[in-house]
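J.: Chain order of the listed sequences is A and B. If you want the working numbering, it's the position in the first sequence, counting the first as 1, plus 877. If you want the working numbering, it's the position in the second sequence, counting the first as 1, plus 18.
Simulated from the structure, these hints should not be mistaken for laboratory data. Any given hint might turn out to be false.
Said to hold, decoys possible - Computed list of lysine-lysine pairs in DSS-like fashion (alpha-carbon distance at most 30 Å, straight line): (1) LYS890/A - LYS62/B; (2) LYS1031/A - LYS968/A; (3) LYS1001/A - LYS62/B.
As the list claims (entries may be wrong) - Partial pick of chain B residues on the chain A-facing surface, computed with a CB cut under 7 Å: (4) ILE26; (5) THR33; (6) CYS36; (7) LYS42; (8) PRO45; (9) PRO47; (10) VAL76; (11) ILE77; (12) PHE79.
Said to hold, decoys possible - Rough simulated footprint, nothing fancy, chain B against chain A, three-plus residues with beta-carbon under 8 Å: (13) 958-967; (14) 1033-1039; (15) 1049-1061.
The C-beta atom is built at its ideal place from N, Cα and C for all residues, glycine as well.
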Amino acid sequence: MANSEDILISQLKHGDRQAFRTLVDQYQGKVLNTCYGFLHNRQDAEDTAQEVFLEIFRSISSFHESSSLGTWIYRISITRSLDHLRRMKRKKRMAVLVRLIGREKGDAEEPINTENPHDQLEEKERVLILRKAVEKLADNQRIAVTLHRYQGFKYEEIAGIMDISMSAVESLLHRAKKNLQKILYNYYAKQQEI
Amino acid sequence: MRKQKHQIQEAVEKTIACFDHMEKLKPNPFFFTRLEASLDAQQKPTGRLKGALQSAWVIAFILINIVSIIVLSSDKAESGTTRADYLQEIATDLTINQPYIDPFEQEN
């Protein structure tokens, strides 16, 4: 007997809009927050989540059910988010270049303002510092950390999404934690020197 | 020095603990409406675009034919008059159509 996910997939493959709505209702929160975990900007996360669902609707016929529907959706979310990040980085590099050759005054990088820590909310500032540190991690460590710490995915789910073993996930998270500690230690040490 | 190291370590731990109170986004209530509009917009233009392209091709084909006919016929008419004018000009320059005067002929 086919389960509800199989029925939903079959309806989606026939272009059923009602089934698509059910899918969006079911996954939009997690997709949005997965994108937000990488992009840290509501508007960018919403735009990327829209792109994710449009891609799902367009390419559901190529979904072969070798993994679960959820895993497939989160993979698309991660790929789209990383693509968006790369596009943004390219844009930033261009903005820096343009500024260097003096054509335009750009806002290339959002700096971490730590000049007056007392004027700012400490918590917000720490979150910002943490995000910047996560951005410095290698791609696979960043994906594992974002899925585990921001989104609360279990090791098993992360293994499915990243298509690696559970022990590989554990190792990635362990290395990510060590690297984060190192990055943050260096950051705060520098701050104390200043 | 040791105190400084301890302070840094404390800051690192506090920062890593921020993972637990990360902001979670609530989905926008108009998320699906916007998504549906994008789907419709993506599906509609293909039909419209096809029709527009087909009529554009027909119009371009007719226009090319009309322009070719006009250009060719005007070329023919123009080349007829200019050729005659050109011959006349050459004849005038070479004084072919003027009465011949022999410079050695003695006057009576």
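J.: Hints first: check each against the structure and report whether it holds.
T.: For each hint, the structure was consulted:
no.: 1; hint: LYS890/A - LYS62/B; result: holds (19 Å)
no.: 2; hint: LYS1031/A - LYS968/A; result: violated (34 Å)
no.: 3; hint: LYS1001/A - LYS62/B; result: violated (45 Å)
no.: 4; hint: ILE26; result: holds (4 Å)
no.: 5; hint: THR33; result: holds (5 Å)
no.: 6; hint: CYS36; result: holds (5 Å)
no.: 7; hint: LYS42; result: holds (6 Å)
no.: 8; hint: PRO45; result: holds (5 Å)
no.: 9; hint: PRO47; result: violated (11 Å)
no.: 10; hint: VAL76; result: violated (31 Å)
no.: 11; hint: ILE77; result: violated (32 Å)
no.: 12; hint: PHE79; result: violated (34 Å)
no.: 13; hint: 958-967; result: violated (count 0)
no.: 14; hint: 1033-1039; result: violated (count 0)
no.: 15; hint: 1049-1061; result: holds (count 4)
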